[in-house]
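There are 2 protein chains.
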Amino acid sequence: MDAHENSLRRAYSYEYPHPAVTVDCAIFGLDEGKLKLLLIQRDLEPFAGAWALPGGFVKLDEDLETAARRELEEETGVKRVFIDQVGAFGEPGRDPRERVITVAWWAIVNLFEHPVKADTDARNAAWFAVDELPALAFDHRTILDAALARLRDTIRREPLAFEFLPRKLTLTQLQRFYETVLGEAFDKRNFRKKALSYGILTELEEYEVDVAHRAARLYRFDKTAWEKLRKAGGSFSI
Amino acid sequence: MDAHENSLRRAYSYEYPHPAVTVDCAIFGLDEGKLKLLLIQRDLEPFAGAWALPGGFVKLDEDLETAARRELEEETGVKRVFIDQVGAFGEPGRDPRERVITVAWWAIVNLFEHPVKADTDARNAAWFAVDELPALAFDHRTILDAALARLRDTIRREPLAFEFLPRKLTLTQLQRFYETVLGEAFDKRNFRKKALSYGILTELEEYEVDVAHRAARLYRFDKTAWEKLRKAGGSFSI
DNA sequence: CCAAAAGTGTTAGAGATACACCCATGG
DNA sequence: CCATGGGTGTATCTCTAACACTTTTGG
Numbered sequence: 394m395d396a397h398e399n400s401l402r403r404a405y406s407y408e409y410p411h412p413a414v415t416v417d418c419a420i421f422g423l424d425e426g427k428l429k430l431l432l433i434q435r436d437l438e439p440f441a442g443a444w445a446l447p448g449g450f451v452k453l454d455e456d457l458e459t460a461a462r463r464e465l466e467e468e469t470g471v472k473r474v475f476i477d478q479v480g481a482f483g484e485p486g487r488d489p490r491e492r493v494i495t496v497a498w499w500a501i502v503n504l505f506e507h508p509v510k511a512d513t514d515a516r517n518a519a520w521f522a523v524d525e526l527p528a529l530a531f532d533h534r535t536i537l538d539a540a541l542a543r544l545r546d547t548i549r550r551e552p553l554a555f556e557f558l559p560r561k562l563t564l565t566q567l568q569r570f571y572e573t574v575l576g577e578a579f580d581k582r583n584f585r586k587k588a589l590s591y592g593i594l595t596e597l598e599e600y601e602v603d604v605a606h607r608a609a610r611l612y613r614f615d616k617t618a619w620e621k622l623r624k625a626g627g628s629f630s631i
Numbered sequence: 394m395d396a397h398e399n400s401l402r403r404a405y406s407y408e409y410p411h412p413a414v415t416v417d418c419a420i421f422g423l424d425e426g427k428l429k430l431l432l433i434q435r436d437l438e439p440f441a442g443a444w445a446l447p448g449g450f451v452k453l454d455e456d457l458e459t460a461a462r463r464e465l466e467e468e469t470g471v472k473r474v475f476i477d478q479v480g481a482f483g484e485p486g487r488d489p490r491e492r493v494i495t496v497a498w499w500a501i502v503n504l505f506e507h508p509v510k511a512d513t514d515a516r517n518a519a520w521f522a523v524d525e526l527p528a529l530a531f532d533h534r535t536i537l538d539a540a541l542a543r544l545r546d547t548i549r550r551e552p553l554a555f556e557f558l559p560r561k562l563t564l565t566q567l568q569r570f571y572e573t574v575l576g577e578a579f580d581k582r583n584f585r586k587k588a589l590s591y592g593i594l595t596e597l598e599e600y601e602v603d604v605a606h607r608a609a610r611l612y613r614f615d616k617t618a619w620e621k622l623r624k625a626g627g628s629f630s631i
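Sequence lines, in order, name chains A and B.
Mapping of the first sequence onto our numbering: residues 394 to 631, in sequence order.
Mapping of the second sequence onto our numbering: residues 394 to 631, in sequence order.
Incorrect hints may have been included.
A pair counts as met if it fits within one copy or between any two copies, since identical chains are not told apart.
Said to hold, decoys possible - Taking lysine-lysine and the DSBU-like style, the derived pairs with C-alpha atoms no more than 35 Å apart in a straight line are: (1) LYS427 / LYS616; (2) LYS510 / LYS472; (3) LYS586 / LYS624; (4) LYS624 / LYS581; (5) LYS624 / LYS510; (6) LYS472 / LYS586; (7) LYS581 / LYS621.
The set of hints was computed from the structure by calculation and includes no laboratory data.
My request is simple: use the sequences and hints to build the entire structure.
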């Protein structure tokens, strides 16, 4: 039997042992000007007491994205958020008990529109600033690094910043967001010029309130304009 | 019991039924100036007779990338090629027999350096031009489309074109490659200027042979120069 | 009136694009 | 000598980057 026949036999056999399959979610939000990640504290071994990405088993009749959204909603109560796959992580031994392959996702929760109270002991869940994270269980640090890379890469090319920010936002908020997530400073005038150049921000006749200085004008992300721009072959880039 | 406790119970239980997990590979190569894909013809149901991406089950003690490389080597005999994950595909019903989650990969085989004879009936495998593909088994068309998108996206930013081309290549070959894969024409002078501007192509004192016109100069991709450039924070872009 | 952040234009430089002709070789 | 592709330079334009002062508001 050559390697090819071997491969064929395998491809047509369902006798192979099956690993466990889970989904894990890196759920990001913006809070107090910091990029935060939602973690849950494990209470059972392995890694009891350690913090981990929310996740769980995929049901046999459930799509992978559905499973990820279910976990996400169970932890945050929020539906219809942006979610995207990071990839599959399946190193043998990543879970000491048995072979577990996990499909990782990253998601954005808008903490301005949907405050997620995760900081009560009862829930064993908390938001952590991504640059002040505790040690994570399993290979979740690796998964998170991949998710963060995807997040940073994506927000440069897609107008996803608005998923993090209030519906009515100032240009300075937008700039601070990019500076926080990308760890890079932008020139105020150039940033504003560029942000406005795509025509996807509607200037409102409203202003910040309760600030101890000149109130900034508010803008709203115009999703329709963005979809029209995208259909016309346009792109977004910060 | 609230949703959270539910989630915790699930997360700590290993009682869940396990799906089958496979890897599938979109193996690309350049042949006769066309971007080609290696497919195998199924001889068993479901989809008997249909063409499919090479793939197979993941062994319980085997890393996902190792499994993908094993399948790839079994089909092509080639080791140490570029390979990268596309992602996991797991729609229930994508395999009519049982729940199968597949982790898809895309890979490049250099058909100039390693001619892969896949066109014999015995192997039931063949290279197809990606714009003249037969109908594919399972959801492999979806997987392939994702792999193709990844390929096109990646070759603009990483010097992966050289994985497709002969070790000694002409600038016209390089340009044709990009034009073929991206479906876009480039200006000859601008293309050459840009390709040479990164300093990752070594000009050889050798020329094409056996051509019915002026022989073109040969260049070699300088991997060391590219690694040095990358470490210095440099980038590549066509 | 002071502190704090909002808001605003111009210039210089870099990189991208557009473009046409002569050269070398084999048949 | 002809057909085929190889090889080269410049001008324009667009986008990016650098840069400083006035305005508004609350305290």
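Right, here's what the structure says about each hint:
no., hint, in the structure
1, LYS427 / LYS616, "within (25 Å within a copy, 39 Å between copies)"
2, LYS510 / LYS472, "within (15 Å within a copy, 51 Å between copies)"
3, LYS586 / LYS624, "both (23 Å within a copy, 32 Å between copies)"
4, LYS624 / LYS581, "both (29 Å within a copy, 30 Å between copies)"
5, LYS624 / LYS510, "neither (38 Å within a copy, 42 Å between copies)"
6, LYS472 / LYS586, "within (34 Å within a copy, 50 Å between copies)"
7, LYS581 / LYS621, "both (27 Å within a copy, 33 Å between copies)"
When each numbered hint is compared with the structure, a violation occurs for hint 5 only.
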